[in-house]
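Quick note, the sequences are listed as chains A and B, same order. Note that our numbering numbers the first sequence so that position 321 is 321, with each residue one more than the last. Note that our numbering numbers the second sequence so that position 198 is 198, with each residue one more than the last.
Read the hints as simulated data drawn from the structure, not as lab findings. Quantities reported herein were computed from a predicted structural model and do not represent experimental measurements. Be aware that one or more of the hints could be misleading.
Note that identical chains are pooled: a pair holds if it fits in a single copy or bridges any two copies.
To be verified - Under the rule of at most 30 Å between Cα atoms (straight-line distance), these lysine-lysine pairs were calculated in the DSS-like manner: (1) K302 - K57; (2) K317 - K406; (3) K57 - K94; (4) K357 - K302; (5) K94 - K14; (6) K406 - K92; (7) K17 - K94; (8) K317 - K357; (9) K406 - K302; (10) K14 - K237; (11) K237 - K406; (12) K17 - K237; (13) K17 - K92; (14) K57 - K14; (15) K14 - K357; (16) K237 - K94; (17) K92 - K317; (18) K237 - K302.
There are 2 protein chains.
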Amino acid sequence: MSTAWTSRYAQRTKNIKSSAIRELLRITQNPEIISFAGGLPAPEVFPTERFREACIKVLENQARLALQYGATEGYEPLREMIARHTARYGVKAKPENVLITSGSQQALDLIGKLLINSGDRVLVEAPTYLGALQAFNVYGAEYVCVPSDNDGLRTNQLEASLRLGPKFMYVLPNFQNPGGTTLAEGRRHELVLLAERYGIPIIEDDPYGQLRYEGEHLTPLIVLDRQNLRSDDGYSKGNVIYLSTFSKTLAPGLRLGWMVGPPDVITKLVQLKQGADLHTSTFVQMVAYEVARDNFLDEHIKLIRRVYGERRDVMLKALEENFPPEVTWTRPQGGLFLWVTLPEGMDCHRLFEAALKENVAFVVGDSFYAGNGYAEEGRRHFRLNFSNAQPEQIREGIRRLSVAIKSQLAGWQPEPVVR
Amino acid sequence: MSTAWTSRYAQRTKNIKSSAIRELLRITQNPEIISFAGGLPAPEVFPTERFREACIKVLENQARLALQYGATEGYEPLREMIARHTARYGVKAKPENVLITSGSQQALDLIGKLLINSGDRVLVEAPTYLGALQAFNVYGAEYVCVPSDNDGLRTNQLEASLRLGPKFMYVLPNFQNPGGTTLAEGRRHELVLLAERYGIPIIEDDPYGQLRYEGEHLTPLIVLDRQNLRSDDGYSKGNVIYLSTFSKTLAPGLRLGWMVGPPDVITKLVQLKQGADLHTSTFVQMVAYEVARDNFLDEHIKLIRRVYGERRDVMLKALEENFPPEVTWTRPQGGLFLWVTLPEGMDCHRLFEAALKENVAFVVGDSFYAGNGYAEEGRRHFRLNFSNAQPEQIREGIRRLSVAIKSQLAGWQPEPVVR
Numbered sequence: 001m002s003t004a005w006t007s008r009y010a011q012r013t014k015n016i017k018s019s020a021i022r023e024l025l026r027i028t029q030n031p032e033i034i035s036f037a038g039g040l041p042a043p044e045v046f047p048t049e050r051f052r053e054a055c056i057k058v059l060e061n062q063a064r065l066a067l068q069y070g071a072t073e074g075y076e077p078l079r080e081m082i083a084r085h086t087a088r089y090g091v092k093a094k095p096e097n098v099l100i101t102s103g104s105q106q107a108l109d110l111i112g113k114l115l116i117n118s119g120d121r122v123l124v125e126a127p128t129y130l131g132a133l134q135a136f137n138v139y140g141a142e143y144v145c146v147p148s149d150n151d152g153l154r155t156n157q158l159e160a161s162l163r164l165g166p167k168f169m170y171v172l173p174n175f176q177n178p179g180g181t182t183l184a185e186g187r188r189h190e191l192v193l194l195a196e197r198y199g200i201p202i203i204e205d206d207p208y209g210q211l212r213y214e215g216e217h218l219t220p221l222i223v224l225d226r227q228n229l230r231s232d233d234g235y236s237k238g239n240v241i242y243l244s245t246f247s248k249t250l251a252p253g254l255r256l257g258w259m260v261g262p263p264d265v266i267t268k269l270v271q272l273k274q275g276a277d278l279h280t281s282t283f284v285q286m287v288a289y290e291v292a293r294d295n296f297l298d299e300h301i302k303l304i305r306r307v308y309g310e311r312r313d314v315m316l317k318a319l320e321e322n323f324p325p326e327v328t329w330t331r332p333q334g335g336l337f338l339w340v341t342l343p344e345g346m347d348c349h350r351l352f353e354a355a356l357k358e359n360v361a362f363v364v365g366d367s368f369y370a371g372n373g374y375a376e377e378g379r380r381h382f383r384l385n386f387s388n389a390q391p392e393q394i395r396e397g398i399r400r401l402s403v404a405i406k407s408q409l410a411g412w413q414p415e416p417v418v419r
Numbered sequence: 001m002s003t004a005w006t007s008r009y010a011q012r013t014k015n016i017k018s019s020a021i022r023e024l025l026r027i028t029q030n031p032e033i034i035s036f037a038g039g040l041p042a043p044e045v046f047p048t049e050r051f052r053e054a055c056i057k058v059l060e061n062q063a064r065l066a067l068q069y070g071a072t073e074g075y076e077p078l079r080e081m082i083a084r085h086t087a088r089y090g091v092k093a094k095p096e097n098v099l100i101t102s103g104s105q106q107a108l109d110l111i112g113k114l115l116i117n118s119g120d121r122v123l124v125e126a127p128t129y130l131g132a133l134q135a136f137n138v139y140g141a142e143y144v145c146v147p148s149d150n151d152g153l154r155t156n157q158l159e160a161s162l163r164l165g166p167k168f169m170y171v172l173p174n175f176q177n178p179g180g181t182t183l184a185e186g187r188r189h190e191l192v193l194l195a196e197r198y199g200i201p202i203i204e205d206d207p208y209g210q211l212r213y214e215g216e217h218l219t220p221l222i223v224l225d226r227q228n229l230r231s232d233d234g235y236s237k238g239n240v241i242y243l244s245t246f247s248k249t250l251a252p253g254l255r256l257g258w259m260v261g262p263p264d265v266i267t268k269l270v271q272l273k274q275g276a277d278l279h280t281s282t283f284v285q286m287v288a289y290e291v292a293r294d295n296f297l298d299e300h301i302k303l304i305r306r307v308y309g310e311r312r313d314v315m316l317k318a319l320e321e322n323f324p325p326e327v328t329w330t331r332p333q334g335g336l337f338l339w340v341t342l343p344e345g346m347d348c349h350r351l352f353e354a355a356l357k358e359n360v361a362f363v364v365g366d367s368f369y370a371g372n373g374y375a376e377e378g379r380r381h382f383r384l385n386f387s388n389a390q391p392e393q394i395r396e397g398i399r400r401l402s403v404a405i406k407s408q409l410a411g412w413q414p415e416p417v418v419r
């Protein structure tokens with residue numbers, strides 16, 4: 001008798017499939033294609049020389065520590081640095097509030113492991129980050145979706161969803177992936193208060209928060225939550241776990257993220273991380289610490305804002321000049337993405353095929369919706385990334401894309417209006 | 001209403017606790033203590049200069065690739081290198097048979113995710129690697145334990161356990177953790193044939209295989225399995241997934257391991273890894289590739305064998321000179337550990353307390369047994385690591401430990417023999 005592995009796969013594997021984006025990366029490796037598909041930073045801004053210096057310093061002075069096993073919680077000076085940065089925007093975090101993760105994606109996986117029993121509901125925005133859906137799906141999550149508009153999650157529709165008793169809610173308040181939208185100040189207060197009233201924890205995912213190109217920084221949910229608690233206990237409890245990452249500010253190739261939360265939750269997450277990968281690379285943590293320290297990170301982020309801000313402007317201008325009036329898009333104040341809406345009846349999958357013929361790519365909209373109720377809505381959208389391609393490529397790519405759109409529009413007839 | 005996180009934890013978290021070893025690392029950070037507890041490589045043999053050169057080379061020539069997002073499967077030249085190394089011992093692996101993981105621990109977590117439904121049985125050795133139990137516990141594994149002796153898992157007791165229908169079996173054939181024992185050649189054949197007959201997949205964990213200090217290299221289970229298949233299909237199927245790591249040969253601080261298996265299983269594991277951490281650090285993979293290439297790794301392993309072989313000899317000699325005759329231990333041909341057996345009635349936990357007073361530490365035996373049937377057996381053993389401490393520390397540590405043992409022996413009376 002020979003073994004068929006597939007017959008032995010666990011139930012949970014039925015919920016998983018390869019992410020649309022990861023698969024797309026293969027297609028878009030063709031150098032002829034201008035890709036707006038990935039969420040890739042601009043490689044031109046990687047601080048390569050600073051990395052070189054940091055590697056040499058770590059290996060000359062602390063190699064035995066850097067190459068050895070380390071603590072699951074993370075490299076202590078890095079935890080302290082993150083706690084200090086967190087304190088800057090109003091959360092008095094200490095190192096014991098911080099867990100270093102192997103990218104934000106691992107934080108999402110650990111959240112799923114910690115909180116989701118098969119069949120549990122998770123409240124998400126519609127649309128939302130597909131990597132989070134991928135992480136939660138494997139634990140058997142079901143979803144409650146709350147729609148968004150240009151001011152982010154529509155909090156006036158939140159209460160009905162909270163009454164359905166989700167295990168937690170997952171939100172991206174700043175320059176949302178894929179929408180590019182930002183949760184408005186008033187809605188932040190409303191969301192935190194409603195979450196507290198219904199006893200629903202919040203996972204606040206903030207990979208792009210520091211990449212703001214205009215307007216004022218808005219208060220994170222974790223800060224509003226702690227203000228509500230009026231707690232002077234040095235951060236022992238709270239209703240929010242906050243996630244962020246070095247992927248968009250230093251380099252995604254490090255796979256380095258972090259979680260901030262109450263110490264008892266962090267302790268439980270540490271136990272889960274032990275079983276998952278023992279700890280995140282000591283060497284990478286120490287190199288990132290050396291790169292970021294002495295205000296280098298803050299200075300470097302200013303450069304990124306300048307470069308990405310320009311690319312956003314170039315893309316917005318190219319869209320205005322090239323796209324037909326039936327098509328609309330969001331105008332993000334930061335981050336990496338904007339979100340395009342096609343006229344009713346037009347299909348982003350057919351457009352994708354047409355775009356590939358023009359050597360330009362994006363991510364189809366339906367990848368970003370949880371559950372089945374959004375198939376039609378999803379097919380009317382797609383996501384564009386503006387951080388990775390250079391300005392001249394952005395202009396040319398949007399021109400190509402507009403050719404593809406117009407070819408689709410030519411064949412497209414608006415539904416006859418019944419008068 | 002305020003949220004208590006603990007009330008929201010998923011069922012599976014009830015099965016997890018912090019590993020005894022990770023907790024121990026705290027205690028043993030006291031520099032006065034000589035620790036034989038961890039499984040730490042000797043930091044003196046880390047190839048620091050080679051790492052420095054590799055970092056500089058990668059950052060000078062390929063920084064944009066190294067710091068960017070990468071493929072979930074792993075860095076292609078590294079997969080190719082691992083496939084070539086695997087081919088050396090008789091498995092014609094191709095890159096598509098290889099998945100790079102964030103340390104071997106992640107491989108164990110992905111195996112658990114892929115195969116274990118809550119309540120499924122997993123066949124393990126008694127004792128076995130506690131990190132594997134930690135990884136599998138979170139998916140609700142139950143265990144079928146097969147005892148070991150000096151020749152490894154007792155295959156004459158295997159068939160009864162296979163009849164219980166375990167989902168898979170997990171074995172460490174070389175210099176087992178914690179036993180230090182090696183699965184004998186004849187037993188390897190028997191194990192592979194029985195697994196095939198009962199249709200039970202094998203997870204072969206081989207972190208130490210290259211660290212052999214005497215005797216001949218024995219054929220891996222994955223090779224025997226492929227010989228049985230008599231398959232000339234270029235490796236499209238098989239009953240074994242093989243795990244290994246750079247943690248014991250280059251540096252554990254990298255968190256870099258790999259899995260070798262049939263491509264369809266690797267593809268499914270890639271999907272699971274996408275959700276778990278997107279991919280392992282591109283930078284770390286490229287640095288490890290540059291360090292290992294041009295036969296450096298093979299040469300470096302010769303150095304490790306010499307250093308660790310000497311330390312093993314020093315520890316064995318010190319045990320013979322210092323330990324009372326009631327205490328016995330294994331004589332490993334390689335790896336990092338040996339396994340001590342105390343006389344019946346003596347308790348490794350009480351001994352641990354006495355040892356700490358003498359400023360020496362080890363890992364208590366019962367951490368390494370799955371299930372509840374081995375509590376008494378577990379308390380008669382402990383694990384000693386001989387790779388991390390230097391020879392003079394090993395001699396002093398074993399002397400201290402013998403003082404602790406004799407203090408326990410003094411109070412210990414053998415059970416009266418009924419004639």
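**Homomeric proximity label, K14 with K237: Cα distance no greater than 30 Å** = Between copies only: 21 Å across chains, 36 Å inside a chain, cut-off 30 Å.
**Prompt:** With identical chains treated as interchangeable, where does the CA-CA distance between K406 and K302 reach 30 Å or less: within a copy, between copies, both, or neither?
**Reply:** neither (38 Å within a copy, 65 Å between copies)
**Message:** When Cα atoms must be at most 30 Å apart, do K406 and K92 count as within-copy, between-copy, both, or neither?
**Reply:** neither (53 Å within a copy, 51 Å between copies)
**Asked** When no copy is specified for K94 and K14, does a C-alpha distance of 30 Å or less occur within a copy, between copies, both, or neither?
**Response** Between copies only: 27 Å across, 40 Å inside.
**Intra/inter-copy verdict for K17 and K237 if alpha-carbon distance must be at most 30 Å** = Between copies only: 21 Å across chains, 36 Å inside a chain, cut-off 30 Å.
**Asked** Between copies, within a copy, both or neither: which fits K317 and K357 at Cα up to 30 Å?
**Response** Within one copy only: 24 Å inside a chain, 73 Å across chains, cut-off 30 Å.
**Request:** Evaluate K357 and K302 at a C-alpha cut-off of 30 Å and name the case that applies: within, between, both or neither.
**Result:** neither (37 Å within a copy, 55 Å between copies)
**Asked** Is the C-alpha distance from K302 to K57 at most 30 Å within one copy, between copies, in both cases, or in neither?
**Response** This pair counts as both: shortest intra-copy Cα distance 25 Å, inter-copy 28 Å.
**Request:** Up to 30 Å between alpha-carbons, please classify K237 paired with K406: within, between, both or neither.
**Result:** Neither: 54 Å inside a chain and 48 Å across chains, both beyond 30 Å.
**Request:** With 30 Å as the alpha-carbon cut-off, assign the pair K17 and K92 to within, between, both or neither.
**Result:** between (40 Å within a copy, 28 Å between copies)
**Item:** Within, between, both or neither: K57, K14 at alpha-carbon 30 Å
**Value:** Neither. Shortest intra-copy (47 Å) and inter-copy (43 Å) distances fail the 30 Å Cα cut-off.
**Request:** Indicate which option fits the pair K14, K357 if close means a Cα-Cα distance not exceeding 30 Å: within, between, both or neither.
**Result:** Result: close neither inside a copy nor across copies, 33 Å intra and 53 Å inter.
Hint compliance for this structure: hints 4, 6, 9, 11, 14, 15, 17 and 18 are broken, all remaining hints hold.
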